[in-house]
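**Student:** Sequence:
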Amino acid sequence: MKLFDVARASLAELANDYINWLLHHESIPWSVKSAEYAEISRIDLEPVTYKEDVQHLSAVHILAQKHKFDKWLCSNDSIVEANCMIILCTRLIMMLRKQISNRLAAFREEGGFTEALTAERLAHCTEQSIDADAPMCPKCGKPMIKRVAKKGKNSGKEFWSCSGYPDCNGTRDMP
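In the numbering used here, the protein residues as written are 1262 to 1436.
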């Protein structure tokens, strides 16, 4: 998530650099209502369809998409080129904002990377406990997992904890 936001901020900075360059050259960015802005904004990009030979086919794809903007990017007028880059940066920023929004929605539903790692670790511990003939939880009957108390009067001591935690808080002392 942070990297998406870093990319978004970098593109915003790049767009501002082009705006400053235009101003330095006594020019202003095209209006969002201009014909040029509308024409560039209407150009659709093709979705990625390849699954093999990714390095080669991604380069082919990128160049094909870039060529759609050659009318402006390969212009003999640097003002036109700068304006096109500002519009492309704006488009990318909007795409990244949408991606960030989608990721946030998924995060709310599914949790994040840390939660997934914790779930994986708990599943692994549960498997190990089952293999090691761990006792069953006195509250719910699920296999128990060896844990070490992190605080309190038993800090540093091993104990059995229910693999169903946090739904079940059953524990047993170690013999």
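Quick caveat, the hints were computed from the structure, so don't treat them as lab data. Predicted model only: the values in this text are computed from it and were never measured. Some hints here could point you the wrong way.
Distance condition first, Cα-Cα at most 27 Å in a straight line; then the derived DSS-like pairs of lysine-lysine [unchecked claim]: (1) Lys1359 to Lys1400; (2) Lys1359 to Lys1263; (3) Lys1294 to Lys1312; (4) Lys1294 to Lys1327; (5) Lys1294 to Lys1332; (6) Lys1418 to Lys1407; (7) Lys1411 to Lys1400; (8) Lys1312 to Lys1332; (9) Lys1294 to Lys1359.
**Student:** If you check each hint against the structure, which ones fail?
**Tutor:** When the structure is compared with the hints, numbers 1, 3, 8 turn out to be violated.
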